[in-house]
Structure formats: structure tokens, C-alpha cells
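Here the protein sequences line up with chains D and Z, keeping their order.
In this text, residue positions in the first sequence follow the working numbering: the first is 279, and each later residue adds one.
In this text, residue positions in the second sequence follow the working numbering: the first is 353, and each later residue adds one.
The hints are simulated quantities; they were obtained by calculation from the structure and are not laboratory data.
For every residue, glycine included, the Cβ atom is placed at its ideal position computed from N, Cα and C.
Wrong hints could be hidden among the right ones.
[To be verified] Derived pair list, reagent style SDA-like, types lysine to any residue, alpha-carbon separation capped at 20 Å:
#  : chain 1 : residue 1 : chain 2 : residue 2
1  : Z       : Lys484    : D       : Pro487
2  : Z       : Lys455    : D       : Lys377
3  : D       : Lys479    : Z       : Asp428
4  : Z       : Lys455    : D       : Ser431
5  : Z       : Lys484    : D       : Thr483
6  : Z       : Lys695    : Z       : Ile618
7  : D       : Lys377    : D       : Ala457
8  : D       : Lys377    : Z       : Ala563
9  : Z       : Lys521    : Z       : Asp650
10 : Z       : Lys484    : D       : Tyr393
11 : D       : Lys479    : Z       : Ser377
12 : D       : Lys479    : D       : Ile467
13 : Z       : Lys455    : Z       : Gln469
14 : Z       : Lys455    : D       : Pro487
15 : D       : Lys479    : Z       : Lys455
16 : Z       : Lys484    : D       : Val485
17 : Z       : Lys455    : Z       : Asp428
18 : Z       : Lys374    : Z       : Ala563
19 : D       : Lys479    : Z       : Pro460
20 : Z       : Lys521    : Z       : His443
21 : Z       : Lys484    : D       : Trp482
22 : Z       : Lys695    : Z       : Ala563
23 : Z       : Lys455    : D       : Phe481
24 : Z       : Lys484    : Z       : Asp428
25 : D       : Lys479    : Z       : Lys461
26 : Z       : Lys455    : D       : Ile305
27 : D       : Lys377    : D       : Leu488
28 : Z       : Lys455    : D       : Pro477
29 : Z       : Lys455    : D       : Ile467
[What the hints assert, rightly or not] Stretch by stretch, here's where chain Z covers chain D in the computed footprint (C-beta under 8 Å, at least three residues):
#  : stretch
30 : 457 to 470
31 : 483 to 492
[As the list claims (entries may be wrong)] Computed far set for chain D versus chain Z, every beta-carbon distance over 12 Å:
#  : residue
32 : Trp405
33 : Ile453
34 : Ile501
35 : Ala514
36 : Gly519
37 : Gln562
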Amino acid sequence: MQTKRSTFPAGWLPYALVAPQLVITLIFFIWPAGQALVQSVQRQDPFGFRTTFVGLDNFSRLFADPLYMNALSVTFVFAVGTTLLSMSVALLFAVMVNKLIRSRDGYTTLLVWPYAVAPAIAGVLWWFIFNPTIGILPYILDMLGYDWNHRTSSTDAMILVIIAAAWKQISYNFIFFLAGLQSVPHSLIEAAAIDGASPMKRFWTIVFPLLSPITFFLMVINIVYAMFDTFGIIHATTQGGPAQATNILVFKVYMDGFIGQNIGYAAAQSVVLMAIVIVLTVIQFRYIERKVQY
Amino acid sequence: MATITMDTLEKTYPGAAEPAVKGISLDIADGELIVLVGPSGCGKSTLLRMVAGLETITSGTLRIGERVVNRLEPADRDIAMVFQNYALYPHMTVYNNLAYGLKNRRFPKAEIERRVQEAARILEIDAFLGRKPRQLSGGQRQRVAMGRAIVREPAAFLFDEPLSNLDAKLRVQMRVEIRRLQRRLRTTSLYVTHDQLEALTLADRLVVLNAGQVEQIGTPSVVYDRPETLFVATFIGSPSMNLVPTDFVRSHANGHMPPLSDRADIIGIRPDSLLLAEPPEPATPLPATLELFEPAGDVSHLYLRLETLPEPLTARVQGRPSLEEGAPLTLWVRHGEFHPFEKETGRRVE
Numbered sequence: 279m280q281t282k283r284s285t286f287p288a289g290w291l292p293y294a295l296v297a298p299q300l301v302i303t304l305i306f307f308i309w310p311a312g313q314a315l316v317q318s319v320q321r322q323d324p325f326g327f328r329t330t331f332v333g334l335d336n337f338s339r340l341f342a343d344p345l346y347m348n349a350l351s352v353t354f355v356f357a358v359g360t361t362l363l364s365m366s367v368a369l370l371f372a373v374m375v376n377k378l379i380r381s382r383d384g385y386t387t388l389l390v391w392p393y394a395v396a397p398a399i400a401g402v403l404w405w406f407i408f409n410p411t412i413g414i415l416p417y418i419l420d421m422l423g424y425d426w427n428h429r430t431s432s433t434d435a436m437i438l439v440i441i442a443a444a445w446k447q448i449s450y451n452f453i454f455f456l457a458g459l460q461s462v463p464h465s466l467i468e469a470a471a472i473d474g475a476s477p478m479k480r481f482w483t484i485v486f487p488l489l490s491p492i493t494f495f496l497m498v499i500n501i502v503y504a505m506f507d508t509f510g511i512i513h514a515t516t517q518g519g520p521a522q523a524t525n526i527l528v529f530k531v532y533m534d535g536f537i538g539q540n541i542g543y544a545a546a547q548s549v550v551l552m553a554i555v556i557v558l559t560v561i562q563f564r565y566i567e568r569k570v571q572y
Numbered sequence: 353m354a355t356i357t358m359d360t361l362e363k364t365y366p367g368a369a370e371p372a373v374k375g376i377s378l379d380i381a382d383g384e385l386i387v388l389v390g391p392s393g394c395g396k397s398t399l400l401r402m403v404a405g406l407e408t409i410t411s412g413t414l415r416i417g418e419r420v421v422n423r424l425e426p427a428d429r430d431i432a433m434v435f436q437n438y439a440l441y442p443h444m445t446v447y448n449n450l451a452y453g454l455k456n457r458r459f460p461k462a463e464i465e466r467r468v469q470e471a472a473r474i475l476e477i478d479a480f481l482g483r484k485p486r487q488l489s490g491g492q493r494q495r496v497a498m499g500r501a502i503v504r505e506p507a508a509f510l511f512d513e514p515l516s517n518l519d520a521k522l523r524v525q526m527r528v529e530i531r532r533l534q535r536r537l538r539t540t541s542l543y544v545t546h547d548q549l550e551a552l553t554l555a556d557r558l559v560v561l562n563a564g565q566v567e568q569i570g571t572p573s574v575v576y577d578r579p580e581t582l583f584v585a586t587f588i589g590s591p592s593m594n595l596v597p598t599d600f601v602r603s604h605a606n607g608h609m610p611p612l613s614d615r616a617d618i619i620g621i622r623p624d625s626l627l628l629a630e631p632p633e634p635a636t637p638l639p640a641t642l643e644l645f646e647p648a649g650d651v652s653h654l655y656l657r658l659e660t661l662p663e664p665l666t667a668r669v670q671g672r673p674s675l676e677e678g679a680p681l682t683l684w685v686r687h688g689e690f691h692p693f694e695k696e697t698g699r700r701v702e
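Same shape as in the complex, but just chain D:
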């Protein structure tokens, strides 16, 4: 189809208008990414006096490192756990709020608030709630006969960071699911009711399949979130411990690079992360743009 297009005389103006965005992208994204690429093939001495080119040595050491392999599997468990938890709870909330009529807006507003809480603050909140010494939840769990201690139990620690990371994301997923539910035509539900489907069956055979594009979109978003945006939560709660049990990839980059001062090694890790982001982004564009077909 032919669309009308306005053309302006090409001069300095268009470049000037795009320049701020370009400058920001170059300084804050492209340059650091380039630095990481360069550093990932270098090794520095502990004092930063001497830098030597080592080729792919950092990478081969990385994939031979059992600690890094551990971080990979921890990240996998963490990302899957966070995504499943935040999406299922969000879907449950959305379904329940969608049943309301008058109080729907009130609940929606309240359920969105956690999204506005900074990750570090959320981490501290969870740190207090789950604190084995002073926290309210271990106190209650203790009464139920469960000895909660995320400082010694790697399972408890993983549960803690998953809950803390998922909590915030629930708000985000909730909004999308609620919008999705509201766009399912009511007559479809009624038709299914007449067709003899129970409420549960109606949800799983009609509503849920119709939500599938949103579910897929959120799945990618949540995995990306869990893998890359949860540094603050880990930092504020478990610091990767105990015994590396919650040391996810992004946190390991920070630990190795800024605490361990092993810049080249950390740079190699961030290059791997970069590759993962690129793959996820490609998946998202390839499939979400085309939408999940039904």
C-alpha cells in the first residue's frame, strides 16, 4: 500500500535531533559493551599495571570452572522458578480480580504498587521478613515445625531469592494478564458454558489458550528479568550464598570483577551474558512479532 510520506530537506537538523539518543547509546551501551569485549581477551595483573592479551583463555577457563557451571545451573533454577511463580500467581490474581465488578480498580491499583518498589528495597524487606533471627516468617515456620535458615540451607536461600524476585514481577505480569482476560469476549465464555464446560474446563480450554500470546511474551520478559535485573535482590538478601547456592550469573560477574578484581575473567562472563541476551531478544522478536498463532 502506498502511504503518503512527508519529506524534509536533508540538512543538519535530523542529525541534531537523533544525536542525543545516539550519544547516550554510544556512551552507556556500545562503549561499555566494546570494553567488555576487549577486556574479555585480556588479563591484568592484580595492581592494574600490566595488561596482556590472552586470546580466548578467559573463556576456556570459564567453561572449565565448576563454580561457573554451578552459577549457570543456579541461574537456570532461579530464572525458571521466578518465572513460574510470578506468572502463576499473577494469573491467579488476574482471574480473581477479573471476576470483580465494583472493586476491580481498587484491587488493580493495590496489586500494581509493588512494581514501584526498588529491587534493593524489596530485598531488604524480604531480608527482614525471612531473617532467621528476627524475621516473622521463620518464627511462624518454627511453630509449624520447620527450621528456616537461608544462611545455612541452600534450598531455603533459593526459595527466598525466588520469592523476593517473583514478588515484584507479579505486579507487572498481573497487569498484562488482566488486560488479556478482559479482551476475551464474554460471549465465548457463555458459549462454552452452554456447551457444557465446567468453569475450570472453560478456563483451561478457552481462556488460557486465548491468553497464549501474552503468556509467551511474559515468559520471555520474566526470564530476562530473572537473569539480568535481579542483582539488587541477591545483593540485599543472600549475597550469592550460602556456598554459592544463589550465585547467579550477573552476581558472579560483580563478585569476580569488582570484589575479586579479576577484570578479564568477569568481562568474559559478561560477554557470555551478552550472548544470552541477544539470543533471548532474537527469540522475542522472531516469535512475539509473529504472535503465537491460534
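Given chain D's structure and the hints, the job is docking chain Z onto it.
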């Protein structure tokens, strides 16, 4: 196969001052096609949805067959519904759309297959069974929606304005098909429409609703020939019936008046009852001026000004008579075609 019996059905929405459906009683015989017709907001869709079980019944009794179904879930009422927007499941193929209700009722696979194929054959959608609804045209979707109703072989079909999303030509075609299908299956049907032409052509009996109440129940010909209220008189028929004060007619009749009740202060005259020449039967003359001439194919519409009356009358005549706009002429109305009404009650008085 079943009768549907409504006994003073009433529906009041929570928070509403007035009921949306005000005590409607109706007996639908087995195999009958009843059309509920009325302007938007008259409660016809609400009534249909009450029968379907999609709206609760505030008071009154509803029976399908011998069973009182007031409190039954839609699935347990043994009815099938065709929705205005078809409500096809977009993620399922046509085959699965048709089979969904049967699967939920745990029919054996072979029986599902047989019924779906049978319905598809009747509706001529066999070729599309593997497609998704979005790959179908409006008319084909309409057929699938009907197919979903007939595979169930329910006690009753409920149609909620099923043709209003189709273009004019397809609407006529589907109207005929619905009628043919209903004749063939002889399934009791309740059909909601706001289109009075659809109502007249489809119905065994017509229920004209207005503001939640029944105005008239009758066969299409009775409702058209003998409207019981002013509302029915003006709602059914297109162009709609002309209403003229009795005094005005009498003052121009030169004594050519039919015997009328004293209470008949309004006379309704159908547009085709206004004749340009004096008929052999007893008739009443009305002097008029032709305001506008509107040819409409095989018929012509005349807009006529009658001296002191504020509204012009509409006449429909065959062919294209050569008349000049602004010319005075005399119209004739046969005495048998007077529809006398009382203004205060809005009812027909003979």
C-alpha cells in the same frame, strides 16, 4: 424436542429502578419458531438469556419440557444458542468448534464424528472442517455457529440476533436457510431480532416487546393485519403506519366514514392503504398535497402534506405514477383498512 413455558417471568438487574423484563408469560409449542421482536432495550435479549440460563430469573417460572429450569446451569437446560457475534472458539478448528459441546458431554468418538459430519453436510461446511474461524467469511462463520447448535440435537435453539452482522444480501439468504433448517429439524426455537422484516418472514408466531412488556403475540399476518396497540402498529411494517386524528378524517370524509367506536380518536393507515384512485369498495377520501416523490424500484413512496397535520403521510404505490410535486390530489382509504386506536390507552378499539 420440547415446549418452553414462561410464567410471569421477571428480571430486575441489581440496582435498577425498574425491571428489564416485566412479568412475561408465553407458551411455546413443540417445534414452533417464536420470534421476539422489539426496539433496542426492550428486554428481548434479556428474556432470551434468561431462557438460556445466562441471566438469573428474578421471579416467575420457566419450564423447558416438563422441567422447571429456573435454577439450572445453562449446560443442564438442553438448549443451544447462536450468538450475535457467533462466539466461535478462535483457537479451534471448525471441527473442534462443533465437537466441543459433545466432547464436554463425553459422547463416544464415533458418535461425535458422525454428528459433526452430518451437521457439516447439512450446512455445507464440510470443506472447512480443518480451518480456523478467522479463515472463514462472515456467512461461513454463521453456518459454523449454527452447526455448533445442531450437533447437540438440543430441546431448543436460541438465536440472539444471529444475522445482524451480515451484509444485506447474505442476511436474506441466511434467513431463508434458518427457516428451512428449522422446518427440517422441527426444533423448538426462540429467535431475537430488532429487524421487523426478519421477524415477519421467520416467525410461526411473533412476540412484540416494548419496555419489558408484551405488546402483542400472534402470527405474523395477525400482527401485521390487526395490530393490537399503537406501538405494534408503528413498529411492524415499513414504511411505518400513518397515524391521523379521527376528527381530521371525519371532517374531510363527506359522510363516507366507516362505523367506529367513540373512543377511537386515532386512525392508523398503512402506506399501501392510501390509494390514488377511488376503489369499488366503500372508501374515505382525504385531500392532500404531494410534497415529495420518491421512486424505489417497483414501488414509489409519496410524502403527502394534509392541510393542518404537522407530520406528512407516507403512501406506497405500485410503479411510478406520473405525479407532480406540489400538486393537490385525493387519496382513498378502504373502510376495511382503518386501524382505530384510542390515544390514551394506546390500544385498538373496534
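To see whether the hints hold, each was checked on the structure:
no.: 1; hint: Z/Lys484 - D/Pro487; verdict: holds, 14 Å
no.: 2; hint: Z/Lys455 - D/Lys377; verdict: violated, 27 Å
no.: 3; hint: D/Lys479 - Z/Asp428; verdict: holds, 16 Å
no.: 4; hint: Z/Lys455 - D/Ser431; verdict: violated, 49 Å
no.: 5; hint: Z/Lys484 - D/Thr483; verdict: holds, 15 Å
no.: 6; hint: Z/Lys695 - Z/Ile618; verdict: holds, 6 Å
no.: 7; hint: D/Lys377 - D/Ala457; verdict: holds, 13 Å
no.: 8; hint: D/Lys377 - Z/Ala563; verdict: violated, 30 Å
no.: 9; hint: Z/Lys521 - Z/Asp650; verdict: holds, 18 Å
no.: 10; hint: Z/Lys484 - D/Tyr393; verdict: violated, 38 Å
no.: 11; hint: D/Lys479 - Z/Ser377; verdict: violated, 35 Å
no.: 12; hint: D/Lys479 - D/Ile467; verdict: holds, 11 Å
no.: 13; hint: Z/Lys455 - Z/Gln469; verdict: holds, 15 Å
no.: 14; hint: Z/Lys455 - D/Pro487; verdict: holds, 17 Å
no.: 15; hint: D/Lys479 - Z/Lys455; verdict: holds, 11 Å
no.: 16; hint: Z/Lys484 - D/Val485; verdict: holds, 17 Å
no.: 17; hint: Z/Lys455 - Z/Asp428; verdict: holds, 15 Å
no.: 18; hint: Z/Lys374 - Z/Ala563; verdict: holds, 8 Å
no.: 19; hint: D/Lys479 - Z/Pro460; verdict: holds, 19 Å
no.: 20; hint: Z/Lys521 - Z/His443; verdict: violated, 29 Å
no.: 21; hint: Z/Lys484 - D/Trp482; verdict: holds, 19 Å
no.: 22; hint: Z/Lys695 - Z/Ala563; verdict: holds, 18 Å
no.: 23; hint: Z/Lys455 - D/Phe481; verdict: holds, 16 Å
no.: 24; hint: Z/Lys484 - Z/Asp428; verdict: violated, 28 Å
no.: 25; hint: D/Lys479 - Z/Lys461; verdict: holds, 19 Å
no.: 26; hint: Z/Lys455 - D/Ile305; verdict: violated, 60 Å
no.: 27; hint: D/Lys377 - D/Leu488; verdict: holds, 17 Å
no.: 28; hint: Z/Lys455 - D/Pro477; verdict: holds, 15 Å
no.: 29; hint: Z/Lys455 - D/Ile467; verdict: holds, 16 Å
no.: 30; hint: 457 to 470; verdict: holds (count 6)
no.: 31; hint: 483 to 492; verdict: holds (count 5)
no.: 32; hint: Trp405; verdict: holds, 44 Å
no.: 33; hint: Ile453; verdict: holds, 23 Å
no.: 34; hint: Ile501; verdict: holds, 24 Å
no.: 35; hint: Ala514; verdict: holds, 42 Å
no.: 36; hint: Gly519; verdict: holds, 46 Å
no.: 37; hint: Gln562; verdict: holds, 22 Å
Hint violations for this structure: numbers 2, 4, 8, 10, 11, 20, 24 and 26, all remaining hints satisfied.
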